[in-house]
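There are 2 protein chains.
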Amino acid sequence: MCQLLGMNCNTPTDIVFSFTGFATRGGRTDEHKDGWGIAFFEGNGVRHFVDHQAAVASPIAELIKTYPIKSTNVIAHIRKATQGVVSLENCHPFVRECWGRYWVFAHNGDLKNFAPRLDGAYHPVGSTDSELAFCYLMQEMRKHFGETAPALAEMTQFMRQLCSEIAAYGTFNMMLSNGAALFVHCSTKLHYLVRQYPFTKASLSDEDVAVDFSEVTTPQDRVAVIVTEPLTTNESWTPFLPGEFKVFVDGAVLQ
Amino acid sequence: MCQLLGMNCNTPTDIVFSFTGFATRGGRTDEHKDGWGIAFFEGNGVRHFVDHQAAVASPIAELIKTYPIKSTNVIAHIRKATQGVVSLENCHPFVRECWGRYWVFAHNGDLKNFAPRLDGAYHPVGSTDSELAFCYLMQEMRKHFGETAPALAEMTQFMRQLCSEIAAYGTFNMMLSNGAALFVHCSTKLHYLVRQYPFTKASLSDEDVAVDFSEVTTPQDRVAVIVTEPLTTNESWTPFLPGEFKVFVDGAVLQ
Numbered sequence: 080m081c082q083l084l085g086m087n088c089n090t091p092t093d094i095v096f097s098f099t100g101f102a103t104r105g106g107r108t109d110e111h112k113d114g115w116g117i118a119f120f121e122g123n124g125v126r127h128f129v130d131h132q133a134a135v136a137s138p139i140a141e142l143i144k145t146y147p148i149k150s151t152n153v154i155a156h157i158r159k160a161t162q163g164v165v166s167l168e169n170c171h172p173f174v175r176e177c178w179g180r181y182w183v184f185a186h187n188g189d190l191k192n193f194a195p196r197l198d199g200a201y202h203p204v205g206s207t208d209s210e211l212a213f214c215y216l217m218q219e220m221r222k223h224f225g226e227t228a229p230a231l232a233e234m235t236q237f238m239r240q241l242c243s244e245i246a247a248y249g250t251f252n253m254m255l256s257n258g259a260a261l262f263v264h265c266s267t268k269l270h271y272l273v274r275q276y277p278f279t280k281a282s283l284s285d286e287d288v289a290v291d292f293s294e295v296t297t298p299q300d301r302v303a304v305i306v307t308e309p310l311t312t313n314e315s316w317t318p319f320l321p322g323e324f325k326v327f328v329d330g331a332v333l334q
Numbered sequence: 080m081c082q083l084l085g086m087n088c089n090t091p092t093d094i095v096f097s098f099t100g101f102a103t104r105g106g107r108t109d110e111h112k113d114g115w116g117i118a119f120f121e122g123n124g125v126r127h128f129v130d131h132q133a134a135v136a137s138p139i140a141e142l143i144k145t146y147p148i149k150s151t152n153v154i155a156h157i158r159k160a161t162q163g164v165v166s167l168e169n170c171h172p173f174v175r176e177c178w179g180r181y182w183v184f185a186h187n188g189d190l191k192n193f194a195p196r197l198d199g200a201y202h203p204v205g206s207t208d209s210e211l212a213f214c215y216l217m218q219e220m221r222k223h224f225g226e227t228a229p230a231l232a233e234m235t236q237f238m239r240q241l242c243s244e245i246a247a248y249g250t251f252n253m254m255l256s257n258g259a260a261l262f263v264h265c266s267t268k269l270h271y272l273v274r275q276y277p278f279t280k281a282s283l284s285d286e287d288v289a290v291d292f293s294e295v296t297t298p299q300d301r302v303a304v305i306v307t308e309p310l311t312t313n314e315s316w317t318p319f320l321p322g323e324f325k326v327f328v329d330g331a332v333l334q
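Here the protein sequences come in this chain order: A and B. 80 is the number of the first residue of the first sequence in our numbering; add one for each residue after it. 80 is the number of the first residue of the second sequence in our numbering; add one for each residue after it.
Certain hints may be false.
[Said to hold, decoys possible] Taking lysine-lysine pairs in the BS3-like style, the calculated list, with each CA pair at most 25 Å apart, reads:
hint, chain 1, residue 1, chain 2, residue 2
1, B, 159, A, 149
2, A, 191, A, 144
3, B, 325, A, 144
4, A, 149, B, 144
5, B, 144, A, 159
6, B, 268, B, 222
7, B, 112, A, 149
8, B, 144, A, 144
9, B, 222, A, 222
10, A, 112, B, 280
Simulated from the structure, these hints should not be mistaken for laboratory data.
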């Protein structure tokens with residue numbers, strides 16, 4: 080199984096603190112050493128880093144930990160291979176374009192006998208069930224809504240339905256973002272919290288690192304962090320329920 | 080105007096030497112300081128780095144210069160903005176998926192009144208004429224050949240025709256790769272060379288750096304390098320003719 084990390088904020092925020100704890104699980108405090116990846120939205124653009132080395136041994140992960148890239152939507156993944164060999168094309172997150180925006184997707188879980196019909200709009204490049212599910216999601220969205228992006232509420236309703244359909248094939252913990260919203264589906268395990276004023280100090284569970292967010296934020300800032308296993312020891316993380324689907328916009332839970 | 084750098088090899092090769100000279104033009108020895116980017120194929124996967132900072136000031140460019148990523152197909156670009164603001168989504172190279180492979184594209188030049196009809200298969204995310212041309216290229220390819228990739232010869236013939244059609248709108252120096260072949264079209268300025276046995280020593284024109292390729296290669300290695308302006312002072316670069324279209328496979332010029 081893999082682990083997922085997502086961040087959604089109302090102001091561009093760096094993920095150095097959370098990623099430092101998360102990346103440690105990529106081969107040191109946990110066994111997810113079959114590659115990793117992270118994607119940052121900056122405006123409509125995306126910075127996408129993938130590596131089939133363990134995150135703890137990757138010079139690119141080292142760069143991410145030291146170079147504060149500010150973003151309003153981030154999705155990261157550390158991989159423990161279940162389906163698909165260890166190779167670059169099988170590293171999450173995956174990126175595709177739809178309606179003139181990039182879409183970023185990562186998945187934790189395992190789908191059995193999932194073989195949807197693809198009509199050619201999106202093909203997987205690698206051999207994971209995850210990328211196949213992503214291509215199917217994007218295909219169905221585009222088929223359903225046509226050539227123009229729908230409003231968020233309609234998109235959310237349709238995507239919730241699709242996720243629940245895919246989740247019938249196994250475990251489908253997933254994060255998807257188009258740079259405006261972060262969509263999250265939970266089959267088995269995900270947690271989230273919203274950091275907002277008054278900000279406090281947080282300590283990582285996987286590294287001896289703490290940060291006082293009141294020193295690096297303004298009172299208007301709001302940041303939602305979503306992760307497989309809680310990243311800090313002294314904050315209150317809310318577990319997702321099995322089958323739950325949530326949308327985060329501007330650092331807040333919409334539904 | 081921008082500058083382009085491409086590499087196509089028969090064995091995974093790092094681009095540290097060429098990129099070191101090339102990146103120096105991104106704000107130090109030349110004026111291309113409005114962002115840069117590079118994409119490396121590794122198998123079917125792609126590592127894609129873009130930055131809207133000048134290449135000479137970018138920590139990510141620094142990483143590329145010190146971390147030898149081995150690849151058989153690389154496309155890099157340094158930008159001097161002509162159309163489209165300086166932002167991440169306007170940095171080349173651009174990436175899309177077609178027929179289950181990633182396609183990477185970069186362009187140097189300027190297209191006037193180029194407004195092709197897009198059918199929705201590929202939309203630009205940013206505002207450059209370059210990404211629009213790329214989306215049009217991919218759309219026409221998929222429309223023409225349907226849902227299965229054609230043989231290289233057919234693909235080449237069709238792409239040559241498309242490039243010449245687009246080039247009628249202005250300057251269209253471009254590089255495109257699907258990880259197997261590197262397609263190059265020249266409107267105004269591009270040069271190439273093929274490094275193969277017996278390898279010699281090469282010295283960069285933009286930095287005081289030299290490398291003896293005979294020490295870092297095997298006699299079977301073959302590497303084609305394609306670039307806007309020659310990168311080295313003591314090798315023989317072949318200029319492209321205006322309107323010329325070439326395909327590189329396994330480090331050799333196919334046609």
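Now for the hints, and whether the structure bears them out:
1. Between the alpha carbons of residue 159(B) and residue 149(A) the distance comes to roughly 24 Å, so the proposed pair stays at or under 25 Å and holds.
2. For the proposed pair residue 191(A) and residue 144(A), the alpha carbon gap of about 35 Å is over 25 Å, so the pair is violated.
3. Only pairs whose Cα atoms come within 25 Å are accepted, and residue 325(B) paired with residue 144(A) is rejected, the gap being roughly 41 Å.
4. Between the alpha carbons of residue 149(A) and residue 144(B) the distance comes to roughly 23 Å, so the proposed pair stays at or under 25 Å and holds.
5. Under the criterion of a C-alpha separation no larger than 25 Å, the hint pairing residue 144(B) with residue 159(A) is inconsistent with the structure, at around 30 Å.
6. Restraint check: the Cα-Cα separation between residue 268(B) and residue 222(B) comes to about 30 Å, which exceeds 25 Å; the hinted pair is violated.
7. About 21 Å separates the Cα atoms of residue 112(B) and residue 149(A), which keeps this hinted pair within 25 Å; it holds.
8. For the suggested pair residue 144(B) and residue 144(A), the alpha carbons sit about 19 Å apart, so the restraint of at most 25 Å is met.
9. In summary, the hint linking residue 222(B) to residue 222(A) is supported, as the alpha carbons are separated by about 17 Å, within the 25 Å threshold.
10. Taken as a hint, the residue 112(A) and residue 280(B) pair is broken in the structure, with Cα atoms around 39 Å apart against an allowance of 25 Å.
Hint violations for this structure: numbers 2, 3, 5, 6, 10, all remaining hints satisfied.
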